[in-house]
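*Asks:* Kindly produce the complete structure, drawing on both the sequences and the hints.
These protein sequences, in sequence, are chains A and B. The numbers in our numbering rise by one with no breaks, and the one at position 21 of the first sequence is 21. The numbers in our numbering rise by one with no breaks, and the one at position 118 of the second sequence is 118.
Please note: incorrect hints may appear among the correct ones.
[To be verified] Computed footprint of chain A on chain B, listed as stretches where at least three residues anywhere in the stretch have a Cβ under 8 Å from a Cβ of chain A:
#: 1; stretch: 84-95
#: 2; stretch: 142-151
[To be verified] Now the stretches of chain B that chain A is said to cover, found in silico as 3 or more residues with beta-carbon under 8 Å:
#: 3; stretch: 40-54
#: 4; stretch: 69-81
Because the hints were derived from the structure by calculation, they are not lab data. If you're wondering where the values come from, they're calculated on a predicted model, not measured in any experiment. Here a beta-carbon is modelled for each residue, glycine too, at the ideal position from N, C-alpha and C.
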Amino acid sequence: MPDGESDITALDSPSRGDAPSLDNDKLQEMYRQMVLCRTLDERIWMLNRQGKAAIVASSQGHEAAQIGSVWALRLGHDHLYIYYRDLAVLLSAGMTPREIMLGFLAKAGEPLSGARQFPTHGAYPKHRIYNFSNVVATHIPQAVGAALASRMRGEDSVVVAYFGDGASSMGDCHEAMNFAGVHKLPVIFFCENNRFAISVPLSKQMAVDGIAHRAEGYGMPGVQVDGRDIFAVYEATSEAVSRARSGQGPTLIEAMVERYLPHTSDDDDLRYRTREEIEEARKSDPLKIFKEQLMRQGILTEETDNVMHDDAKREVNEATESVEAAAYTGTEGFYDHVYSPPGGAP
Amino acid sequence: MVRDERVFVMGEDVGARGGVFLATDGFLAEFGEARVIDTPLAESSIAGIAVGAAVNGMRPIAEIEFADFIWPTINQLVGEAARIRYGSNGQVCAPLVVRAPYGGGVRGALYHSQSVEAYFAHAPGLTVVTPATPYDAKGLLKSAIRSNDPVIFLEHKRTYRMVKGEVPESEYTVPLGAADVKRQGADVSVITYGLMVHHCMEAANELAGEGIDAEVVDLRTVRPLDNETMLGSVEKTGKALIVHEDNKAGGIGAEVAAIISEEAFDHLDGPVTRLAGPEVPAMPFSPPLEDMFMLNSAKIADAVRRLAQY
Chain A
1 MPDGESDITA LDSPSRGDAP SLDNDKLQEM YRQMVLCRTL DERIWMLNRQ
51 GKAAIVASSQ GHEAAQIGSV WALRLGHDHL YIYYRDLAVL LSAGMTPREI
101 MLGFLAKAGE PLSGARQFPT HGAYPKHRIY NFSNVVATHI PQAVGAALAS
151 RMRGEDSVVV AYFGDGASSM GDCHEAMNFA GVHKLPVIFF CENNRFAISV
201 PLSKQMAVDG IAHRAEGYGM PGVQVDGRDI FAVYEATSEA VSRARSGQGP
251 TLIEAMVERY LPHTSDDDDL RYRTREEIEE ARKSDPLKIF KEQLMRQGIL
301 TEETDNVMHD DAKREVNEAT ESVEAAAYTG TEGFYDHVYS PPGGAP
Chain B
1 MVRDERVFVM GEDVGARGGV FLATDGFLAE FGEARVIDTP LAESSIAGIA
51 VGAAVNGMRP IAEIEFADFI WPTINQLVGE AARIRYGSNG QVCAPLVVRA
101 PYGGGVRGAL YHSQSVEAYF AHAPGLTVVT PATPYDAKGL LKSAIRSNDP
151 VIFLEHKRTY RMVKGEVPES EYTVPLGAAD VKRQGADVSV ITYGLMVHHC
201 MEAANELAGE GIDAEVVDLR TVRPLDNETM LGSVEKTGKA LIVHEDNKAG
251 GIGAEVAAII SEEAFDHLDG PVTRLAGPEV PAMPFSPPLE DMFMLNSAKI
301 ADAVRRLAQY
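*Replies:* Shown next as structure tokens:
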């Protein structure tokens with residue numbers, strides 16, 4: 001794959017829309033989530049430019065990969081070890097725009113870390129969402145450990161480790177996949193490959209055209225899917241989930257996606273990409289693709305699409321207003337939770 | 001492991017081999033492969049997998065074969081385990097134990113002799129334990145496993161064979177973060193931990209014949225430190241000597257000395273003194289070189305004598 005140029009050709013994949021277990025209501029809900037995520041993401045980016053949100057890593061372009069994979073899971077049962085670009089995973093797994101916004105504006109009541117961490121980081125045990133670290137790939141062995149624990153207790157939960165192509169270069173990624181392969185653990189390694197580790201293109205990260213090839217070396221299947229096609233992602237993840245849940249071990253999924261915005265709000269991607277290249281990538285926007293798919297199948301109309309956009313905007317407006325009016329996290333708990341409380345409570 | 005099904009061991013050679021120092025000898029036969037996990041030779045993931053298992057409700061005991069090989073785990077232990085509770089605002093914790101044989105005097109040279117405690121003791125959120133006696137080792141290990149925080153459990157390799165002591169079969173624990181006065185004395189407080197406890201005891205016994213009554217304080221846990229016991233001893237004797245095998249700069253002794261200077265200044269009757277390993281990168285192999293690095297009871301006795309003269 002040449003640098004900075006999309007080579008994804010699976011857009012006309014015959015699997016599109018054939019996923020049997022997704023009825024029309026579910027498909028509409030998936031679409032609603034994608035619209036909501038894009039609306040929220042754009043708002044947060046705007047809040048950054050207004051000086052209100054200190055740091056943003058946008059998920060724009062990754063949404064189909066994230067939502068499609070989450071829908072293949074059993075929420076509240078399976079474990080999500082996510083990374084910083086997984087806004088759509090958070091929404092799809094059950095977090096509200098307001099809860100997410102509390103993180104971006106570092107306000108009191110932020111559920112993941114009490115606004116101690118960067119936005120979207122921390123833990124949400126109810127949803128089994130874990131995103132402890134900013135250090136890429138450190139969560140991949142942790143995800144494997146979580147899977148080991150579940151299996152030791154005889155549970156059938158699956159762990160998904162989300163990470164970017166950049167993280168795939170880390171030793172922890174290799175060590176984790178190797179261990180999961182040896183022990184046939186119920187893990188899905190879900191790589192969102194947008195071909196850039198901040199500014200470093202794929203050709204300077206690896207000598208091959210993607211990471212799915214590596215799966216063979218770990219004794220697990222590796223599949224590359226068009227991450228802009230929510231159906232392709234859903235199907236690939238569903239298959240991986242069923243393998244994992246039935247004791248057949250891990251799968252490496254590489255979802256090929258585009259990153260429409262700079263690495264974070266502190267990055268200037270025009271130093272290493274052209275405007276034309278990004279515009280070209282936007283032509284295959286996952287939101288647009290999903291809309292066309294649903295309209296073709298008669299599941300969505302322009303009218304319902306407009307309603308969903310209006311609803312999303314209203315929900316994001318409400319979240320923004322409410323969180324902007326909220327207080328910052330107070331300092332009264334600054335020293336809490338360094339060590340466990342005396343008396344043995346965890 | 002008998003008491004709590006959540007406890008399991010993992011590490012290099014912990015299974016059929018029983019650990020390179022036989023710490024898990026017989027475990028495989030008793031507990032089976034599911035709870036005695038031989039891992040690939042990959043320390044970062046040994047720690048990282050233990051972190052993930054701990055977050056998901058287990059009590060892993062991860063073994064790092066030699067403390068000298070622990071550096072790849074720093075990111076998972078200092079960067080991750082230590083701050084999971086803080087970074088999740090108390091919603092999640094990582095109750096794991098990392099056991100690692102450390103220390104020199106065993107002809108281990110640069111890569112099988114190192115003391116690593118100071119690196120971990122710097123990290124709020126970690127507990128760092130350095131037992132000196134078999135009795136303490138058992139009681140502290142039980143407390144470490146039952147702790148809801150990540151514990152780095154450092155066992156001095158020389159004590160494996162050199163030190164013998166009674167270990168009751170019965171159930172008991174030794175609390176984390178509590179020092180132990182191993183020898184009462186009136187003249188000088190010798191504050192130490194690990195193998196050096198034994199050398200300090202030997203020195204103290206020798207000095208008793210010279211009329212110097214040294215008190216030996218075994219820290220047992222170097223993070224968090226037991227300020228109360230340390231300061232109580234120094235307030236009594238007015239003199240503090242801190243002894244450790246690890247090199248001096250930025251070591252545990254620096255922290256102990258600072259605490260004493262800050263908190264017990266009015267009681268001091270001599271300079272807070274450190275006797276520690278030399279400032280070379282690690283312990284050399286050849287016996288004369290190794291001897292030059294290592295502290296012993298004679299070197300410690302000399303230091304106590306000098307301090308006692310004040």
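*Asks:* So, for every hint listed, does it hold in this structure?
*Replies:* Each hint tested on the structure:
As drawn, the stretch 84-95 of chain B meets chain A at 11 residues by the rule of a beta-carbon pair under 8 Å; at three or more, the given contact holds. With 4 residues having a Cβ less than 8 Å from any Cβ of chain A, the stretch 142-151 of chain B passes the three-residue criterion, so the hint holds. For the stretch 40-54 of chain B, the stated coverage by chain A holds: 12 residues have a C-beta nearer than 8 Å to a C-beta of that chain, and at least 3 were required. Under a criterion of three residues with beta carbons nearer than 8 Å to beta carbons of chain A, the stated coverage of the stretch 69-81 of chain B is upheld, 5 such residues being counted.
Of the numbered hints stated above, none is contradicted by the structure.
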